[in-house]
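Read top to bottom, the protein sequences are chains A and B.
Position one of the first sequence corresponds to residue 1 (the working numbering), numbered consecutively onward.
Position one of the second sequence corresponds to residue 404 (the working numbering), numbered consecutively onward.
Read the hints as simulated data drawn from the structure, not as lab findings.
Please note that a few of the clues may not be correct.
[Said to hold, decoys possible] Below are the PhoX-like pairs computed for lysine-lysine, each with C-alpha atoms no more than 20 Å apart in a straight line:
# : chain 1 : residue 1 : chain 2 : residue 2
1 : B       : K469      : A       : K351
2 : A       : K319      : A       : K345
3 : A       : K20       : A       : K35
4 : B       : K613      : B       : K566
5 : B       : K469      : B       : K515
6 : A       : K345      : B       : K431
7 : A       : K335      : A       : K243
8 : B       : K613      : B       : K624
9 : A       : K351      : B       : K420
[To be verified] Per the computed footprint, the stretches of chain A lying under chain B, defined by three or more beta-carbons under 8 Å from a beta-carbon of chain B, are:
#  : stretch
10 : 108 to 121
11 : 224 to 230
12 : 280 to 291
13 : 343 to 353
Keep in mind it's a predicted model, so treat the numbers as computed, not measured.
For each residue, glycine too, the CB sits at the ideal point set by N, CA and C.
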Amino acid sequence: MTAQLCKRCSATESVVVSRKEPFCRSCFERYLRGKERKQMTPYKVTYPSRTSPPTQPARLLLALSLGSSSLALLEMLLEHLRDQMETHRGATGFTIVAVHVDCSPILSYNRDPKAVIQELQKEFSELCTFETVSIDEFLQDQELLGTFTHLDLETYSFSQCGELASRSVKSDILDKIRDRTAKQDFLFSIIHNLLVRSARSHNSSHILFGDSMSRLAERVLSLTSKGRGAAVSSSIADNIICKNGIAQLYPMREIMRAEAEAYVAMQDFSQYVITPTQRPPTILRMMTIDDLLVNYFTDIEAGFPSIVSTVVRTADKLKDTTAESNSVCALCGVKCLAEPERWLKEITVSKPALEGESLEPTETSAQHSDKPILCYGCLVATNSSSFTWPRSSKDEILRQYEL
Amino acid sequence: MPSAPLFSLCELCSARKPFLRRPKTGQKICQFCFFHVFETEIHNTIVAASLFYPGERVAIGASGGKDSTVLAHVMKTLNERYNYGVEFILLSVDEGIRGYRDDSLETVKRNKDQYSLPLEIVSYHDLYDGWSMDNIVAQIGKKNNCTYCGVFRRQALDRGAQKLGINHVLTGHNADDMAETVLMNILRGDTARLDRCTEIITQSAESPIKRSKPLKYAYEKEIVLYAHYKKLDYFSTECTYSPEAFRGTARALIKNLETVRTSAIIDIIHSGETFSLQRHGGRNHAKKLVAGACERCGYISSNKLCKACVLLDGLNAGKAAMQIKLEDSEPAESTGETFVRKQLESLSF
Ligand SMILES: [Zn+2]
Ligand SMILES: [Zn+2]
Ligand SMILES: [Zn+2]
C-alpha cells in the first residue's frame with residue numbers, strides 16, 4: 001500500500017487520516033491548532049493605543065487531567081504563547097496556571113501524577129505554572145464541604161468523620177454511595193469544585209477544560225440519560241459562569257478525541273499521559289452510564305461519523321432553562337427547576353392498593369420546607385433503585401449551610 | 404433503614420406476598436399493588452395534563468398490539484373508576500400488511516366485544532388509491548417504508564376520526580418510545596422536534612386532530628406484564644417491516660441504560676421535558692406554516708399537495724425522482740424521516 005499524499009499541501013506523504021482526509025504532520029498540526037486558536041481569539045495581545053504597552057494578559061486556569069485531550073490543549077496553549085511572545089516582544093494575551101486535581105488516593109494510575117506535574121514544571125517553567133491539588137483537600141475546606149453536607153444524610157456528619165487530617169474523599173464520601181454512576185458524578189463534582197476554588201485563589205477569570213468534541217457529545221447524552229437534561233446547555237457552553245464568577249471555556253470543542261490522541265503522540269507528550277491501571281468494566285451491570293455512552297459512541301462512530309458533531313451542535317441550540325431559577329440543588333450546586341420530587345411521585349406511585357378502595361385522595365402539595373432542594377438528577381442518583389426520599393436527619397447542618 | 408426488607412411481603416402494602424419485581428423501580432410487590440400503581444400513574448398523568456373533559460368523545464388508536472390493548476383496557480377501567488365521563492371509540496388503521504395487520508385486526512374486533520366499545524376501521528387501500536403497505540413495499544423495497552407508513556397512518560387516523568366527528572385520538576406510545584424519541588432527536592440533530600417531543604398532547608398545523616399519549620410514563624415491560632396478568636387479548640407479533648438500523652441502535656442503547664439504572668427511561672423523559680430551544684426571533688416565525696388544504700384530497704396542508712398525496716404521486720409515477728435514497732444514512736442530514744420531511748418541505752413549488 002503506497003502512502004497517500006496530504007490533501008492539504010499535496011506535497012508531503014500523509015501520516016494521519018482524520019475525518020476521512022489524509023494529513024501530513026505539519027498540515028495536521030496547523031489544522032488542529034487553528035481550531036484551538038479560533039476558540040482562543042479573545043486572548044490575542046491587544047494594545048490600548050498605538051504607543052502604549054500591551055494590555056495586561058488575561059489570567060486563565062487550565063484544568064489539566066493529564067488525559068490526552070487536556071495535554072493536547074496544554075501543548076497548543078504553550079505553542080500559542082511562544083508565538084505571541086515572538087511577535088509581541090515577549091508580551092502575551094493570556095497567562096496559564098495548569099492545575100491537576102490528584103485523584104491517586106482514589107484511583108491508581110500507571111504513573112504518579114505528582115511526578116508528572118513536576119516534570120512538566122521543569123520542562124515548561126518559563127511559559128506556565130503547574131500545580132497539584134489533592135482530592136482530599138475538598139474535605140478540609142469547610143466552605144466546599146458545605147455544598148456536600150447533604151450527602152448520605154443518615155450516616156454522614158462532621159462529628160462522625162474524624163480528625164480533619166484523616167478525612168478522605170474515598171472513605172467519607174464515595175464509599176458511602178452505592179450507585180456507580182452517582183459515585184462518578186460526585187467525584188466529577190468534587191474535582192470541579194476544587195478547580196473553581198483554585199481559579200478563585202489565582203484570580204483567574206476562566207477555567208479552560210480540555211474536553212474534546214467526542215467527550216462533550218458523551219456528556220450531552222449522559223446528562224440526558226441521568227435526568228440532568230436541564231444542565232446540558234450550561235454544562236457544555238462557553239463563557240457560562242460555572243460558580244463564584246468563574247467562567248468555563250472548551251477550546252478543544254471542535255477537536256475529536258482521536259485527533260487529540262494523534263496530536264499528543266506527535267508532540268511527544270504521550271509520556272505525560274496518565275491512565276488508570278484498572279480497565280473500564282466490560283460487563284454491562286458493572287458499567288456507569290458514562291462508560292456505556294463512551295462505548296456507544298465508539299461503536300456507532302464508524303457507521304455514522306458525523307454523529308458526534310451533530311450531538312454537540314444540537315445541544316448548543318438548547319436554552320439554559322434553569323438560568324432564571326432561584327433554586328439551587330443542595331448536592332451538585334446546579335440551578336434546578338421546581339418540584340422534581342412531586343413529578344416523580346405522580347408517575348411512580350408508591351402507595352399500596354387498599355381493599356375496596358375507590359378513589360385515590362389527591363395529594364395536596366406535599367412540599368416539606370425543611371427538606372433540602374435536590375435537582376432531579378441528584379434525587380435519582382441518591383436513590384436510584386427505589387424512589388424514596390433520603391431521610392433528612394441532619395436538619396441543623398442543612399440550615400447552617402444552605403443558601 | 405426504616406423500610407426493613409421483609410422479603411416475604413409486598414414492599415408497598417406489607418400485607419400480601421410479593422409477586423413480581425417492578426421494572427420501573429425494582430420494588431418487589433404484589434399483583435394488587437402492581438395493578439394499582441400502574442393504573443394510578445396513568446390516571447395521575449391524565450389528571451395532571453387535564454387530558455379529557457366530561458362528555459368528550461375520544462378515539463383510541465387500536466392496533467391490536469399490547470400498547471393499544473392495554474391503553475383501551477385502562478381507559479375503560481379509569482373512565483368507570485374516576486367518572487371521566489368520556490365516550491371512547493376504537494379506531495383502527497388497516498395498513499394492508501398480510502400476516503400482521505389482518506391477524507391483529509381480528510384481535511381488535513374481539514376487543515370491541517370484550518370492552519363493548521364501538522370500532523371503526525379505515526384502510527390504506529381505500530384511502531390511497533389501492534396502495535396497501537404490501538404494495539408500497541413491493542414498489543420501494545423494505546428500506547424507509549416506515550416513513551411512508553408514518554405519513555399514511557397519521558393521515559388515516561385523522562380521517563377516521565373526522566369520519567367519526569372526533570378531534571382527539573389517543574395513541575399507545577409508552578415511556579420507552581418517548582425516551583427513544585428524545586435520544587433519536589438529539590442523535591439526528593432534529594432540533595425542530597427536540598423540545599416538543601415529550602409533550603403529552605401534540606397538536607400541529609399539519610394535523611386537524613389532537614393526539615395524546617396517556618401511557619407516556621408507562622414502561623414497556625410493565626405494559627407487557629399488565630397485559631399478561633390481566634389476561635388481555637392482544638396480538639404480539641412485531642410489524643414484519645422492521646425499523647431503520649439507526650433507530651435500532653437508539654433502542655439498544657436505552658435497553659442498556661435501563662439495565663445500568665432502572666429509572667433511566669423516565670430520567671430521559673424528564674430531561675426531554677426540560678429541553679427548550681433558543682429561538683432567535685425572525686427566521687422561525689417567518690416560516691410559520693399557514694394551514695391550508697391539499698388541492699387534491701382536501702386534507703390539511705401548508706403546501707399545494709399534502710404529504711400523503713406527494714408520496715402517492717411518487718408511488719404512482721414509480722419513478723426514481725421520488726425515490727428516497729438511504730444509501731448514505733448520515734443521521735444528521737439524510738436519515739429517514741428528517742430527510743423525507745425536508746424533501747417534502749422543499750416540494751412546495
Ligand atoms: Zn500537508
Ligand atoms: Zn443536583
Ligand atoms: Zn401489595
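Quick rundown of the hints versus the structure:
{"no.": "1", "hint": "B:K469 x A:K351", "in the structure": "26 Å, violated"}
{"no.": "2", "hint": "A:K319 x A:K345", "in the structure": "27 Å, violated"}
{"no.": "3", "hint": "A:K20 x A:K35", "in the structure": "18 Å, holds"}
{"no.": "4", "hint": "B:K613 x B:K566", "in the structure": "15 Å, holds"}
{"no.": "5", "hint": "B:K469 x B:K515", "in the structure": "15 Å, holds"}
{"no.": "6", "hint": "A:K345 x B:K431", "in the structure": "18 Å, holds"}
{"no.": "7", "hint": "A:K335 x A:K243", "in the structure": "11 Å, holds"}
{"no.": "8", "hint": "B:K613 x B:K624", "in the structure": "27 Å, violated"}
{"no.": "9", "hint": "A:K351 x B:K420", "in the structure": "16 Å, holds"}
{"no.": "10", "hint": "108 to 121", "in the structure": "violated (count 0)"}
{"no.": "11", "hint": "224 to 230", "in the structure": "holds (count 7)"}
{"no.": "12", "hint": "280 to 291", "in the structure": "holds (count 5)"}
{"no.": "13", "hint": "343 to 353", "in the structure": "holds (count 10)"}
When held up to the earlier numbered hints, the structure conflicts with 1, 2, 8 and 10 and fits the remainder.
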